[in-house]
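Spelled out, the chains give:
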Amino acid sequence: MSDEAPVARAIGVKNVKTAELHQNPHNPRLLFDRVNMDPLEDSIGRVGILVPLTVYKEKKTGRYIILDGQRRWMCAQAVNLPTVPVNEVEEPTLVQNIVTMFQIHKLRLDWELMPTALKLELLMHEVNDKSVSRLAALTGLDQAMVVRCKKLLSFPKKYQDMMLDANPDKRIKADFFIELYPVLHDRQIKQYDWFKPSSFTEAMLEKHKVKKLKAVTEFRYVKQQLNNSVKARKTVVMGRRLKEFAEDTSLTIAHLELVTIKTATTALKISKAAKELYDAVEDIDTDEYYGETDMWGTLEKLSTLIRARLKQLGRRIDK
Amino acid sequence: MRAPLERNAPIDQARIDAWLNDFVGYRTNVNQGRVEAYLKQFKPADRDLGARVLDCVEFFGPDRIANAYRTGLAALPGWSPKAEERQGRWVFAPMSPSAGDSGGTMLHHFRLANGMAKNKFNKMFVHPSSLLTQQLSADDTVVLLDDFVGTGKQVSDAWAEPFSELLAGVGNVYLIVVAARRAGRERIQNETELMVHFGHEFVDCDNVFANECVHFTVEEKDSFKRYCKKANRKQPAGFGDCGLLVVFAHRCPNDSVAVLHESNKKWKGLFPRNT
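Top to bottom, those sequences are chains U and F. Numbering-wise, my numbering puts 206 at position 139 of the first sequence, and it's gapless, one number per residue. Numbering-wise, my numbering puts 484 at position 251 of the second sequence, and it's gapless, one number per residue.
One should not assume that every hint holds.
As the list claims (entries may be wrong) - Here chain F is said to cover these stretches of chain U; the calculated rule only asks that three of the stretch's residues, wherever they fall, bring their Cβ under 8 Å from a Cβ of chain F: (1) 120-131; (2) 233-246; (3) 251-265.
Claimed, not checked - Far from chain U, by Cβ distances over 12 Å, these chain F residues were calculated: (4) Arg240; (5) Ile249; (6) Ala251; (7) Glu269; (8) Leu272; (9) Gly294; (10) Asp296; (11) Pro310; (12) Val447; (13) Thr450; (14) Glu452; (15) Ser456; (16) Asn497.
What the hints contain is simulated information worked out from the structure, not anything from laboratory work. Every residue gets a Cβ at the ideal spot worked out from N, C-alpha and C, and that includes glycine.
Given these sequences and hints, build the entire structure.
Structure follows, in structure tokens:
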């Protein structure tokens with residue numbers, strides 16, 4: 068960690084013209100909800116600003132930038148307050164500014180995630196710490212958000228750039244990469260000799276571009292199919308299908324649906340559940356459960372259904 | 234806007250050769266066969282109009298692009314090719330860095346144009362996603378690169394989010410483009426902290442459909458608009474109704490009129506964007 072404290076040094080309290088203040092560029096301004104600000108605006112209109120805003124003078128422009136008090140400032144503008152009390156502090160370093168903004172504005176859900184992730188990257192570098200819990204504590208972000216940011220930062224810079232593209236039509240949403248992440252890090256997919264994260268990512272981006280992925284959540288299905296192929300010991304056929312899926316832009320995720328895998332997975336699931344039920348029923352003391360009519364009724368129905376299915380199979384059931 | 238030849242000037246070999254010479258280097262080879270096929274899409278009575286529009290096309294080949302980037306950088310205060318004479322740190326990044334987009338191509342052109350292709354300059358050229366980790370200060374400069382500013386909306390929106398966040402506190406932030414519409418440049422300068430430098434500026438009379446454009450009559454403009462609608466019903470005059478006749482060697486911007494770049498069942502532009 069650098070020697071600098073993660074907060075700016077105080078200079079003093081004074082009054083500054085409201086019009087001379089500027090919002091902090093690292094402030095998640097989209098979160099300010101006008102409706103929720105009405106009571107504050109009413110209060111400031113009646114008694115003015117009681118708690119000074121925290122500001123710093125930007126060396127580059129000489130402008131006052133708000134570190135803390137954006138809501139109060141907006142309300143002061145709304146009620147035409149000519150001046151506001153400010154507590155001026157030294158211009159913070161970039162890291163100090165980012166930490167302060169993170170701490171003050173903990174919720175950043177409405178924001179594009181990538182800028183937040185890049186700020187986190189800078190902090191991780193500065194404090195030399197990648198621990199999710201400690202980063203969450205430092206920034207005030209919840210741990211799930213830190214994890215999402217770290218997933219984005221795991222992608223090469225060229226993909227991070229795609230999430231920042233000036234052209235909104237070309238900009239790729241962070242969710243694309245977040246949903247793709249578990250597929251790229253799947254243990255099975257890494258076993259395929261054809262698999263390379265970069266070329267697979269490129270292939271998925273192309274699919275996304277030509278709209279052969281209906282939604283980025285379809286990556287969850289890809290991951291599920293990979294999981295199922297392992298359970299059903301069908302990894303070879305899954306690998307082939309997945310390679311075809313990646314190489315042929317026209318193929319949709321339906322190509323990954325292997326009936327045999329689906330069947331085998333369901334069969335495994337039913338077998339497991341049946342064994343558990345068998346053990347549970349075997350352990351039942353009928354006297355103790357004598358009055359559990361619902362349970363007995365359900366078991367009777369199940370017994371009838373199982374007999375019917377076995378009969379359909381041609382299995383002998385009268386033993 | 235370049236002036237076209239006089240009305241009914243022959244579409245002879247010399248004129249075709251002049252076009253081919255002008256348009257050399259476009260990403261899809263512009264040859265005689267394609268020029269003739271393009272003009273045949275106009276009715277015989279309108280072919281002269283089609284030809285005169287081609288006369289007006291402002292084509293930016295590699296040399297013009299390089300020149301714009303060279304003069305653009307040289308004009309920036311504090312810049313010097315010599316590290317010891319530069320004021321502060323300098324960092325260059327593409328504005329639109331997606332694969333295949335103009336930003337990356339422009340970065341390459343820029344480096345070549347300014348003799349910065351050697352490895353020793355690599356550290357100065359960064360990904361936009363690396364701008365924050367550079368920890369640039371008020372003494373430093375970031376130069377963003379792109380080819381064209383049309384309406385200015387895209388740059389203005391991109392500044393609002395995310396570039397203003399990534400570049401907060403940086404002393405100077407420039408955008409160097411090969412060409413810009415004056416209205417777009419002014420919008421950027423009004424709505425952002427970017428300072429725009431350009432090699433060529435397009436003004437109102439460069440809009441082929443504008444009253445200020447004196448090279449075509451109202452009837453000719455109406456007739457030409459019909460062909461543009463055939464090429465693209467939604468944006469006949471190009472994105473933002475810019476009505477420009479501008480083509481870059483690496484790609485025709487979508488701010489140009491549709492007949493130049495649209496390629497579909499009804500129309501085959503001479504400068505397709507996606508092939």
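- Message: Of the numbered hints stated earlier in the document, which are not met by this structure?
- Response: 3
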